[in-house]
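> Please construct the entire structure, taking both the sequences and the accompanying hints into account.
Same order as they appear, the protein sequences are chains A and B.
According to the numbering used here, the first sequence is numbered sequentially starting from 1.
According to the numbering used here, the second sequence is numbered sequentially starting from 1.
Hints are computed from structural coordinates only; laboratory data are not their basis.
Model, not experiment: these values are computed from the prediction.
For each residue, glycine too, the CB sits at the ideal point set by N, CA and C.
Warning: the hint list may mix true and false statements.
Stated by the list, open to error - Once the Cα atoms are required to be at most 20 Å apart in a straight line, the calculated EDC-like pairs of lysine to aspartate or glutamate come out as:
#: 1; chain 1: B; residue 1: K12; chain 2: B; residue 2: D245
#: 2; chain 1: A; residue 1: K182; chain 2: B; residue 2: D297
#: 3; chain 1: A; residue 1: K225; chain 2: B; residue 2: D245
#: 4; chain 1: B; residue 1: K28; chain 2: A; residue 2: E79
#: 5; chain 1: B; residue 1: K69; chain 2: B; residue 2: E120
Stated by the list, open to error - To spell it out: a stretch of chain B is covered by chain A in this simulated footprint if at least three of its residues, at any positions, have a beta carbon under 8 Å from a beta carbon of chain A; those stretches are:
#: 6; region: 288 to 294
#: 7; region: 298 to 311
As the list claims (entries may be wrong) - Now the in silico label distances, taken between C-beta atoms and shown as ranges:
#: 8; chain 1: A; residue 1: Q268; chain 2: B; residue 2: M163; range: 39 to 45 Å
#: 9; chain 1: A; residue 1: R243; chain 2: B; residue 2: M163; range: 29 to 35 Å
#: 10; chain 1: B; residue 1: D276; chain 2: A; residue 2: D77; range: 27 to 33 Å
#: 11; chain 1: B; residue 1: G107; chain 2: A; residue 2: D77; range: 31 to 37 Å
#: 12; chain 1: A; residue 1: A92; chain 2: B; residue 2: A164; range: 38 to 44 Å
#: 13; chain 1: B; residue 1: A111; chain 2: A; residue 2: D77; range: 31 to 37 Å
#: 14; chain 1: B; residue 1: D276; chain 2: A; residue 2: L302; range: 49 to 55 Å
#: 15; chain 1: A; residue 1: V247; chain 2: B; residue 2: V247; range: 15 to 21 Å
#: 16; chain 1: B; residue 1: E234; chain 2: A; residue 2: A92; range: 51 to 57 Å
#: 17; chain 1: B; residue 1: L198; chain 2: A; residue 2: V247; range: 47 to 53 Å
#: 18; chain 1: A; residue 1: Q67; chain 2: B; residue 2: N141; range: 43 to 49 Å
#: 19; chain 1: A; residue 1: D244; chain 2: B; residue 2: G46; range: 51 to 57 Å
#: 20; chain 1: A; residue 1: G115; chain 2: B; residue 2: E45; range: 56 to 62 Å
#: 21; chain 1: B; residue 1: A164; chain 2: A; residue 2: N105; range: 32 to 38 Å
Chain residues, written in single-letter form:
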Amino acid sequence: MESMSVMAEDMGYDPRAGETRDAKEGTTQEDRARDLGMMSEQLKNRSMEVFFEVGEDENYTYPWTDQVDFNKRTELDCEGKPTTQVNKDIRALMAEGYGTIVLKNPRGMHSVGVGILNKLNLIVEGSIGYFGVGLIDGPNVRIQGRVGWSCGENMMAGTVVIEKNAGSTFGAAMRGGDLVCKGSVGSRTGIDQKGGTIIVGGDTGAFSGFMMQRGRMVVCGNAGKNLGDSMYDGTIYVGGEIRDLGVDAVPAELTDLDKAWLTRKLTQYDLMPEKGIDHFTKIIAGKMLWNYDNLEPNEKKLIL
Amino acid sequence: MCGIAGLIHRGKSSDVGSEMTSMLTALKHRGPDSTGFAVYGEPNEGDYIMRLKVAEQEDMASGYDMQDKIDARIAIVEKRLAEHNASIKAKDSATPYALRYVLSHEGDTEAMARYIEDVEGTEILSLGNALELIKDLGDANVVADNYGLRDFKGTHGIGHTRMATESDVDIRSAHPYWAFPYNDVSVVHNGQITNYWLKRRQMEQKGHRFMSSCDSELLAVYTADNLANGATLEDSLKASIEEIDGVFTYLVATRDELGMAKDTMAAKPLVLYESDDMIAMASEEVAIRAILPQEIDTTDPYDEEIRVWKA
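Here it is, written out as structure tokens:
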């Protein structure tokens with residue numbers, strides 16, 4: 001009983017006596033959240049997207065990273081090795097100063113090249129499996145085959161270019177860098193994308209851009225159903241047909257700035273369509289979901 | 001999680017047994033509880049191949065007289081085969097509880113199958129002119145070695161490595177499932193079916209039998225029901241997208257076809273390789289690479305996609 005009394009004293013109110021914190025302190029949960037910096041201003045149809053300076057140096061390096069020389073090149077044969085060994089070998093080679101590493105015989109191996117927080121040219125001669133090159137911050141990766149599910153998940157910086165197709169959840173929760181698939185990708189591309197650029201040369205499947213928060217996605221081919229479902233922010237450009245849009249995803253005008261950016265990016269990765277980019281459709285968030293919690297029940301039904 | 005794999009050679013037989021073993025070995029990490037194969041040899045119209053189990057693996061440790069019980073069950077099975085004018089042309093047993101018969105039979109195979117499954121502990125794993133359905137506890141290598149599968153030659157096959165999430169670790173809950181009573185139709189599945197009980201009740205009201213409480217069995221029964229109503233395999237796969245709720249990717253094999261269907265959410269993986277000679281598919285590309293180490297192009301089927309290939 002003593003401990004309960006002490007607890008009530010610490011809390012400033014006694015729940016056993018039916019007191020609530022709000023009544024005792026005269027504050028609301030919203031007030032307290034604001035005091036703690038957990039709530040910002042009401043969001044009213046304004047983009048939260050941060051546009052980086054073109055010349056900004058994105059190659060942020062960590063203090064413990066190895067100094068590598070891009071001209072120092074070596075090959076690493078994955079044949080018969082478990083993934084953990086391949087990833088350890090990559091780190092060991094970086095520690096020796098190798099800045100260009102060629103992976104041989106990956107044969108669909110999962111989780112290859114994850115967590116590389118350094119400058120590096122990583123060339124994969126073949127295809128890799130699930131969760132390839134996730135959580136990377138800095139390397140330039142070129143994959144000559146295809147990738148499985150969740151390639152580039154949580155990628156922070158760098159460039160990943162895949163020559164063939166990719167599986168689902170391509171670039172999930174990606175935060176920065178360029179993730180490029182020259183072929184087609186599976187479903188839920190860029191789910192929870194928080195930044196960076198995803199470029200798909202072919203088609204993308206259902207629920208692409210689901211709960212997208214920032215960043216840009218470019219799909220040169222067709223997009224499956226529920227494109228941009230529940231997206232908060234960010235921009236999706238589609239060159240082909242869109243099967244249908246998800247909740248709160250709306251078409252927007254393709255501006256000259258968009259066209260200039262698309263031209264630059266698609267040219268950079270040799271994916272510029274022959275007929276140009278004027279036919280692209282731009283999709284953004286309608287922002288109706290931003291204030292969802294403040295809506296009346298009937299209004300919520302109207303949105304969903 | 002479970003892993004599924006399928007393989008079909010166009011217009012020729014190949015080492016399907018060893019190929020499927022390699023593919024499923026590569027998928028072992030997706031499900032270590034049990035492994036199953038449904039492989040198809042050249043159809044022999046005159047003979048039926050029947051694979052059945054008369055006990056579960058775990059039953060073997062349940063008492064000193066288990067072997068006596070098994071012998072008694074086998075005797076009843078063979079007596080009932082004779083009552084249905086089925087003559088036994090060959091008989092093998094890879095394990096004490098799993099048997100393979102080659103039968104000569106003319107007449108109602110469904111009635112015969114139901115009569116045999118009435119024997120205590122007995123389940124027909126497959127019945128047909130080309131299908132050999134093998135499933136047991138353990139990984140692909142263990143099952144393939146125990147059942148002598150590596151030398152099997154045929155046109156196509158499907159397989160499954162199981163991580164039990166919805167039902168027990170036993171043979172009756174292992175995949176593939178035979179689409180009773182349809183000769184040569186088998187199913188493997190990766191996913192969860194959320195309207196399982198609703199659809200199961202519907203199927204049971206139509207007279208279909210369920211041997212397990214594994215949701216994947218529903219797909220076999222559902223396919224059998226559609227085929228019985230005159231649907232093609234393609235029709236059945238297409239209808240399942242609308243009628244089966246949940247997240248699923250499943251493969252169906254018939255005597256000369258292999259089909260796949262992916263649910264409306266595309267939440268379960270499948271990687272597909274197609275060439276003029278063969279089609280291979282699996283939950284992960286690493287399984288396809290186990291038999292095709294050279295550089296190949298593969299794709300992911302999309303949501304609501306169905307495909308059917310002919311051998």
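> Does each hint hold? Answer for all of them.
Right, here's what the structure says about each hint:
Note on B/K12 and B/D245: the hinted pairing is violated, with a Cα-Cα distance of about 37 Å set against a maximum of 20 Å. Distance hint between A/K182 and B/D297 is fulfilled; the C-alpha atoms sit about 13 Å from each other, no more than 20 Å. For the suggested pair A/K225 and B/D245, the alpha carbons sit about 18 Å apart, so the restraint of at most 20 Å is met. The hinted pair formed by B/K28 and A/E79 meets the criterion: a straight-line CA distance of about 19 Å does not exceed 20 Å.
Restraint check for B/K69 and B/E120: satisfied, since their Cα atoms lie roughly 10 Å apart, inside the 20 Å limit. For the region 288 to 294 of chain B, the stated coverage by chain A holds: 3 residues have a C-beta nearer than 8 Å to a C-beta of that chain, and at least 3 were required. Under a criterion of three residues with beta carbons nearer than 8 Å to beta carbons of chain A, the stated coverage of the region 298 to 311 of chain B is upheld, 5 such residues being counted. The hinted range of 39 to 45 Å is satisfied by A/Q268 and B/M163, whose Cβ atoms lie roughly 43 Å apart.
Checking the proposed 29 to 35 Å range against A/R243 and B/M163 shows it holds: the Cβ atoms sit about 33 Å from each other. In this structure, B/D276 and A/D77 meet the distance hint of 27 to 33 Å, their C-beta atoms being roughly 31 Å apart. Our hint of 31 to 37 Å for B/G107 and A/D77 is violated, since their Cβ atoms are close to 60 Å apart. A beta carbon spacing of about 39 Å between A/A92 and B/A164 agrees with the range 38 to 44 Å that was offered as a hint.
Between B/A111 and A/D77 the C-beta distance comes to about 59 Å, which lies outside the given range of 31 to 37 Å. Evaluation of the 49 to 55 Å hint for B/D276 and A/L302 yields a pass: the beta carbon distance comes to about 53 Å. Separation of A/V247 from B/V247 is about 20 Å and conforms to the stated range, judged on CB atoms against 15 to 21 Å. At roughly 52 Å, the beta carbons of B/E234 and A/A92 sit within the given window of 51 to 57 Å.
A beta carbon spacing of about 27 Å between B/L198 and A/V247 contradicts the range 47 to 53 Å that was offered as a hint. Restraint check, A/Q67 to B/N141: a C-beta distance of roughly 46 Å satisfies the suggested window 43 to 49 Å. Between A/D244 and B/G46 the beta carbon distance is about 53 Å. The supplied range of 51 to 57 Å therefore holds. The beta-carbon spacing between A/G115 and B/E45, approximately 58 Å, falls within the hinted interval of 56 to 62 Å.
As the Cβ distance of B/A164 to A/N105 is approximately 34 Å, the hint placing it in 32 to 38 Å holds.
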